[in-house]
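*Asks:* Going by the numbering used here, 483 is the number at position 207 of the sequence shown; the sequence numbering is gapless.
One or more hints might be untrue.
Said to hold, decoys possible - Here are the computed distance ranges between Cβ atoms for each label pair:
#: 1; residue 1: Ala-343; residue 2: Ala-482; range: 15 to 23 Å
#: 2; residue 1: Pro-565; residue 2: Leu-399; range: 29 to 37 Å
#: 3; residue 1: Pro-565; residue 2: Gly-466; range: 30 to 38 Å
What the hints contain is simulated information worked out from the structure, not anything from laboratory work. Glycine included, C-beta positions come from ideal geometry on N, C-alpha and C.
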Amino acid sequence: MGNYDALLVVSFGGPEKPDDVMPFLENVVRGRGIPRERLLEVEAHYQRFGGVSPINQQCRDLIAALAPTIDLPIYWGNRNWHPYLEDTLREMARDGVRRAAAFVTSAYSSYSSCRQYIDDIALARAAVEGAPEVVKLRHYFDHPGFVAAMADHTREALDRLPDGLGDSARLVFTAHSIPVSMAETSGESGGAYEAQLRRAATLVTAELGGDRVWDLVWQSRSGAPHIPWLEPDVCDHLPEVDAPAVVLVPIGFVSDHMEVVYDLDVEAAATARKIGLPLVRAATAGTHPRFVSMVSELLAEPEPVACSATCCPAPPRRRG
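Based on the provided sequences and hints, a complete structural model is requested.
*Replies:* Next comes the structure, spelled out in structure tokens:
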């Protein structure tokens, strides 16, 4: 597959027991000036689920699904928790890996969803003697495999609505909110994050057929109140929906991590119950067969052109 001798799955990482939660969160926000009160609030979200994020197990499940389809050794490294990228690259170097393709569990362009992964891979490589070259595979928000997986999961969600509501339900696509300044500078010429999400939502809706109405909204804001972030928040949007039912489609995520299972399955679901709005959530791409086969297809493509050094710049650090 191409000129690679390994596949490296790169993900965000997440805690796997209660004692992991605060150290994990401190890793995520280091240098960002996030108030301790906010960390304690988010810690409570994780502890509600036993201190375990679903994301690491979903990475294991994805690797298990990929293994029979890819004739390469598969490694896994996280940015913010075990197995850390640096440790994984050290293992790869010991195994003699010289050139690896990186599949990142984030499909879009922005500092937090792309550039930060590239930078963290570079930092990990610099710390490991003999580290392999790592080539990040392209963004796949518009790949037919991702689109087909999300369309299938959306159909399944529509089918779970009470009789008669699926045909008239509104699709509400959700993605992680980011600061407006970050959104405006995403991609090579700016505005790529929101544009790519809208493109993905358009493709999924077209795959479903018919003339469905949809919205793109945001979730999981974590910044200081005075800094503008993308809006509206999903919980603010739901009371404004003029439809008999809603299907939430987490188009901005490829696996169920805490932002999905808490912010959608707990908070958004509670908002819908309060206003009497029937609501179901579509699954993320996960290990859908078309999503799994997409990775092999990405590996077979010509090597992606590396982003310029000015693409998706880091946002200025401001005190909250």
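*Asks:* Give a verdict on every hint.
*Replies:* Structure-based check of each hint:
1. Ala-343 x Ala-482: 15 to 23 Å: Violated, at about 32 Å.
2. Pro-565 x Leu-399: 29 to 37 Å: holds (34 Å)
3. Pro-565 x Gly-466: 30 to 38 Å: holds (35 Å)
Hint 1 from the list above is the single one not met by this structure.
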